[in-house]
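Trainee: Heads up: the sequence lines are chains G and H, in that order. Take 10 as the starting number for the first sequence in the numbering used here and just add one per residue. Take 42 as the starting number for the second sequence in the numbering used here and just add one per residue.
Since the hints were made in silico from the structure, they are not lab data. Hints are supplied without guarantee of correctness; some may be wrong.
Said to hold, decoys possible - Not close to chain H: a few residues of chain G, all C-beta gaps over 10 angstroms, as computed:
#1 12
#2 50
#3 138
Said to hold, decoys possible - One-sided and incomplete, this derived list gives chain H residues near chain G with beta-carbon spacing under 10 angstroms:
#4 60
#5 246
#6 247
#7 251
As the list claims (entries may be wrong) - Pair ranges (Cβ atoms, derived):
#8 G/44 with H/223: 26 to 32 angstroms
#9 G/45 with H/223: 27 to 33 angstroms
#10 H/63 with G/44: 41 to 47 angstroms
All values derive from a computational prediction rather than experimental measurement. Note that the Cβ used here is the ideal one computed from N, Cα and C, for glycine as well.
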Amino acid sequence: MIELDKVAMGYGDRGLFSDLSLSLPAGSFHFLTGPSGAGKTTLLRLCSMELAPSGGRITLLGDDVSRLSRDQVALMRQRIGVVHQDCRFIDHLSLAENVLLPVTVSGPLDPEDHKQRDQLLSWVGLADRAENRPPELSGGERQRAALARAIILSPDVILADEPTGNVDWDMSLRLLDLLIELNKQGKTVLCATHDLNLIRQAKSRVTARVLRLRNGTIDQAGAEL
Amino acid sequence: MKLPAFLAGDAMSNRVVPATGFTAALTVISAAAMAFLAVFTIALAQASSALAARWEAELAGTATVRITAPEEAVEAQTQAVLVALSQTPGIGSARRLDTDEQTRLLAPWFGSDLPLETLRLPVLIEVSEAGEGPDINGLKQRLAAEAPGAVYDTHGRWRAPLIEAASRLRQLGILSLVLIASVTGAIIALAASAALAANAQIVDVLRLVGARDGWITRAFVRRFTLRAFFGALAGTVVAMVFVALIPGGVEAGVLSGLGFRGAEWLWPLVVPVAAGIIAWGATYLAAIRRLRQSA
Chain G
10 MIELDKVAMG
20 YGDRGLFSDL
30 SLSLPAGSFH
40 FLTGPSGAGK
50 TTLLRLCSME
60 LAPSGGRITL
70 LGDDVSRLSR
80 DQVALMRQRI
90 GVVHQDCRFI
100 DHLSLAENVL
110 LPVTVSGPLD
120 PEDHKQRDQL
130 LSWVGLADRA
140 ENRPPELSGG
150 ERQRAALARA
160 IILSPDVILA
170 DEPTGNVDWD
180 MSLRLLDLLI
190 ELNKQGKTVL
200 CATHDLNLIR
210 QAKSRVTARV
220 LRLRNGTIDQ
230 AGAEL
Chain H
42 MKLPAFLAGD
52 AMSNRVVPAT
62 GFTAALTVIS
72 AAAMAFLAVF
82 TIALAQASSA
92 LAARWEAELA
102 GTATVRITAP
112 EEAVEAQTQA
122 VLVALSQTPG
132 IGSARRLDTD
142 EQTRLLAPWF
152 GSDLPLETLR
162 LPVLIEVSEA
172 GEGPDINGLK
182 QRLAAEAPGA
192 VYDTHGRWRA
202 PLIEAASRLR
212 QLGILSLVLI
222 ASVTGAIIAL
232 AASAALAANA
242 QIVDVLRLVG
252 ARDGWITRAF
262 VRRFTLRAFF
272 GALAGTVVAM
282 VFVALIPGGV
292 EAGVLSGLGF
302 RGAEWLWPLV
312 VPVAAGIIAW
322 GATYLAAIRR
332 LRQSA
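Go ahead and model the full structure; you've got the sequences and the hints to work with.
Mentor: Structure (structure tokens):
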């Protein structure tokens, strides 16, 4: 599903990874953890093709991303739902319009799309906020809306970057519940977080592996979590 | 994408690009101003073309024979010239101007109460050429032999510079139109680049949710094309009203002849369409440049 083979990446003179390999099978649930600056967000951005590696190969859903044209990248992104740390909304559009955006840009809309959007907004508990604009929402509401937008095209993979970073514990659990439910529907989930309590909470409810990124290498975190 | 679908757009792509901002005003106002100038330039080019054509038509095929001779020889030479002209192939008609006509010709310089009988004026014969016209050199040689005081003037000496001037004026108008189109394109490209830079976050979000470059480009290009079209349409309409209000008829000269007649009024309507096409191209190139910088 997602494979990184000897991937190298850095910013300027600062190398983050030089030989990073990773394989996430379809339907798996992985947490990505590690200290700040270890490269969690960079790794997710590599997986969502926002960044290109300086070396190695990334394979998404069977395709070598370095060989994809810009249009193919766009189509690939329709199969990968991303929840960014800062949510990345278009502020002058309503929440409903933002959630529907991946469908809007992928082809003509039909009434079913609007029904699905409404169902998703209800599922993340934002049905009554549909006409609000993103700046009018709280951090937790924005994160849930970003999750709704990420899954509206029913993607095969969900990449979530610190989805609970700006919310309280109750909201964190609620977002975790949503990710677990999506994983049970067969989605591959990769969730970057530094919140070890969240990981512990999840491990009791879903078969999740924990990847720890540290000093440019990645390893499986074990029972200590 | 077909033109009607492009013009109609879709509700969401219309919403994605913010409808307001300084770039919107810049595009509309600059397109309107440039269209206003373009319409006047077209009117000027049209007027100079008409003037050149009129001069060409009125003066081509005519000539004047001027006879300056001692008083006792004038009448004989005039008759000799008239006979020679009547026998020359390519001459349609020849007519001696009478005293009233000569007075009218001189009136602009000496006034209408000129005592013509006190002046010794040359005799003028108005000649209309026919067909290919006469053999000018042969005719001049015959006149020199039979009427030494006669000079055959084809008007070419002063007609050519006038026609040349009108032609240059028309070329200047075309050059001005090209410059106006270029400046319009540059301004709209700058406005589109500024809009794309100001909306860089939107472009990035669209790419991240799976929008293809074509979708993003269309959203921006359509908005700028329509802004330029309607701005130019407004400028064109205002300019056409001003042109229509210019006093004077075409006979009065180039400035008072500035305007359109009949079907010529359709020419200014090309300006908004041209502005739309220029905006389309300029925005498309700006969008492609911007998208190359995004992931």
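Trainee: May I ask which of the numbered hints given earlier this structure violates, with the numbers listed in increasing order?
Mentor: 8, 9
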